[in-house]
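J.: Now for the letters of each chain:
2 protein chains.
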Amino acid sequence: MTDPSDQSATRDSGRIVISVDAMGGDLGPKAVIAGIKQSAEKNPNIGFIVHGPAKQLKPLIRKRGLADRCEIRDVEDVVTMDAKPSHVMRHGKGTSMWSTIDAVKNGEAEAAVSCGNTGALMAVSMIRLRKIPGVDRPAIACLWPSKNKGGFNIMLDVGADIRADEKDLVQYALMGGSYARNGLGIARPRIGLLNVGTEEHKGRSEIKAAHDLITEAAPEAEYEFVGFVEGGDIPSDRVDVIVTDGFTGNVALKTGEGTATLIREFLNNAFRASLFSKVAALIALSSLKRLSKRIDPRRVNGGVFLGLNGTVVKSHGSADATGVSSAIKLAFRLAESRFTERLAARVASAPRALQDADGSDNKNEQTG
Amino acid sequence: MTDPSDQSATRDSGRIVISVDAMGGDLGPKAVIAGIKQSAEKNPNIGFIVHGPAKQLKPLIRKRGLADRCEIRDVEDVVTMDAKPSHVMRHGKGTSMWSTIDAVKNGEAEAAVSCGNTGALMAVSMIRLRKIPGVDRPAIACLWPSKNKGGFNIMLDVGADIRADEKDLVQYALMGGSYARNGLGIARPRIGLLNVGTEEHKGRSEIKAAHDLITEAAPEAEYEFVGFVEGGDIPSDRVDVIVTDGFTGNVALKTGEGTATLIREFLNNAFRASLFSKVAALIALSSLKRLSKRIDPRRVNGGVFLGLNGTVVKSHGSADATGVSSAIKLAFRLAESRFTERLAARVASAPRALQDADGSDNKNEQTG
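So the protein sequences, as listed, match chains A and B. Be aware that the first sequence starts at 1, since it is given in our numbering, and climbs by one per residue. Be aware that the second sequence starts at 1, since it is given in our numbering, and climbs by one per residue.
Derived from the structure by calculation, the hints contain no laboratory data. Heads up, a few of these hints could be off.
Which copy? The list can't say, so a pair holds if one copy fits it or any two copies do.
[Unchecked claim] Taking lysine to aspartate or glutamate and the DMTMM-like style, the derived pairs with C-alpha atoms no more than 25 Å apart in a straight line are:
| # | residue 1 | residue 2 |
| --- | --- | --- |
| 1 | 167 | 206 |
| 2 | 202 | 74 |
| 3 | 208 | 74 |
| 4 | 202 | 165 |
| 5 | 202 | 161 |
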C-alpha cells in the first residue's frame, strides 16, 4: 500500500515521523492536510505518514506541495463518528484509523494523530499498542485553559474509562506528572486530586485511599501533591495536573466546554444588543477575538492517550487546520522527548516507590 | 426569646412567613436585612422571622423601617463557614441557623432561608425537619444559567451526599420535576440523566438501572424523560432538570462556576488591553454589566434542599442584598405553592407508579 515515490517521510530522512489519520474529522481530509501544511512549514524535522483513500489524499497533498514530506497509506474505509468502539475493534482493520495506529505499532512512526471518534480510537489503540506493563487503565488527558503561566492545566482521565480505583488514580498521578514534564515542560508539576471539598475527611473511600497513595509516591515521582482540589480549581493556578476518574472528568470537561460556549453566545448577543454595543464590538474586535480563541473549546486541542506502548494524540473532531497543526506539534514534542519510554519507566518504578518509602537508589533513573 | 412588639410578622397577619437566618453569610446581617427590605417592598404578603443577636439586628431592622414586618429571634451563636457539620449537629442548638430551621419545624414559618455553611445547614435541616417518608437521600438542587426561556435549568444533587444509587436517582427525578413545576412554573419538565454519552449502553450500572426506572415513572410523574444528557447539555435548552449524584453534580457546579469566573477575568483583561478596548468597554458598559450579571455565580442564588419536611433555601455565602432577596422570593414562591406537601405526595405516589405500570387511578391526585 506504500506509495514508493514518497519515501522521504520515513525515518531514513532523519525526521521524526508522525502518523496522521486524514479521515474521520468533521471537516474532512482537506482540513487535516492543511494542518499538516502548517506544521511542515514551521518545523522541517517532521515527516508524515498520512492514512486515507489515496485518490482523495494525493491531489490535496500535491496541491499543498507536500509530496516530499508525506507518505500516503492508501486505505479505503473510515471510522464514522457514531461507530461503536466494539464494532471497530472487530471490523476496523481496513480503516484509516487502524492503519494510523499500526504505523506506530510497527515502528514506522513515533506518534499518531487522529481527529476521529474517541471511543473507537481508544479501542483500536488498546488492542494494537497494548497497555504499558503495570498500567491497569489507560487514561485520556486533556489540556484545560487556566490561569497558569503556560495557559493550560492537564486533567485526566476525561473518558477512557468510567471508573477508577485508588491504584488507577495513583497511576493517573504518575502518568499526568510525566505528561506535564514532557508535554508542557514543567519540571515539578503540582498534582491535585479532584474531590467535593478540600478537607481530608471528605469524599468517597477510593478517593481518600488515593490521597494517601499519591502522597506516598510523591517524593520519588518528582511531583508536588497539593491534595484535594475542587471543580473551581480546574482552571486555576493552584495545580498543573488534576487527577480524577473518567466519568467525573468527562462530565467536568463537557460542563466547562458547555459553559464557555454559553458565555460566548451571551457575549455575542450582548454586542448585538444596541448600536452602541455594535460600535464597541468593532473597536474591541481584536481583544474579543483573542478572548474568543482562548475560551473556544475547539482550540484546546490534543487529548493524549496515556498508558499505552505508543503516543496517540486525539485531536478534536471539529479541529480546523490550526487545531490539527497544534495536535501534530504536541505529538512531535512528545515523540522528541521519548515520552512513551519515560512514562513506562515512571510507572515501572512506582510500585517500588509505594512498597519502599526510602527508594533513594532509584533516583538516578531517567526523569519520566 | 420572641420580641412581643413584633407579632405582625406571624401567620396571624395573613402573611406567608419566611424564617431568615441573619448570620453566617460573608457580608454579615447588614446585607441580609437589606435583602429583606427589598423583598418586603416588592411583596406585601411576606412576613419575616429573623434570627440572630437582637442587639445587632434591632438597629438594622429599625433603620430599614421593617419593625412591623420582622419578628426577631434573639440568638447569640453563629455557625461559621468552616464549622464541621457533625459538630453543629451536636452543639448547634443556640445558633441562628438552628433557630431558623426550628421556626419551620414548629410551624411558625413556612420556609427557611440561610446564607450559612451548606454542610451544617443540611445537617441541621436533616435532624430537625427529618426526611419525607420514602426519601432515602435528600438532595440539594441548584439553578443553572441556561438557554431556556426562563433563563435557568435545575440540577440535583449538587452536594447533599457523595453517592446515589438507582433508587435515589429516580427520587431525584421526581423531586426535581416537582421543584421545576412549583418553583419555575414548568408544567411538564423535561428531565435528563447525566452520563458520559447519550447512547443507552453507556455509563455505570446504577445509571443504566436509573434510566429504566425514570422511564417507568414518567407517565404518572408528569415529566418528560429525555434520557441521558452530557455535561455540555447542562446549560442547554434540551432539558429543564438534570439528575446526577452529589459528587458529580458538585464537581460540575464548581467547574461551571470556575469556568465562568475565569472567562470574566479574561474578559476584564481583554478590555484593559489597550486604549481602544478601554473606550469600547465604556461604550458597551451596560451590555457587559448585563452579561456579567448573567454569568456571575453569586447571582445564581437559592439552592433548595429537597426531600425534607419543610422548605429550606440555601442562599450563596457571598450573597448581597439582591441575592438574599432572590432567595427569599424563591422561598415565598415555594411556600405559596405548598411545595413541601406536593413533593411529599409526589414521592409517596412513586413506588406505586414503579410497581404498577397502569396506575391510571392515581391520576386525580394533586399535581406535585
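J.: All the hints need checking, so say for each whether the structure fits it.
T.: Hints versus structure:
In the homo-oligomer, the alpha carbons of residue 167 and residue 206 lie at most 25 Å apart both inside one protomer (9 Å) and across protomers (22 Å), since each shortest distance falls under that limit. Proximity of residue 202 to residue 74 under the C-alpha cut-off of 25 Å is found in neither arrangement, the shortest distances being 54 Å within a copy and 33 Å between copies. Taking the shortest Cα distances, residue 208 and residue 74 never come within 25 Å of each other, neither inside one copy (50 Å) nor across copies (41 Å). Taking the shortest Cα distances, residue 202 and residue 165 sit within 25 Å of each other both inside one copy (16 Å) and across copies (19 Å).
For the homomeric pair residue 202 and residue 161, the shortest alpha-carbon distances inside one copy (24 Å) and between copies (11 Å) are both at most 25 Å.
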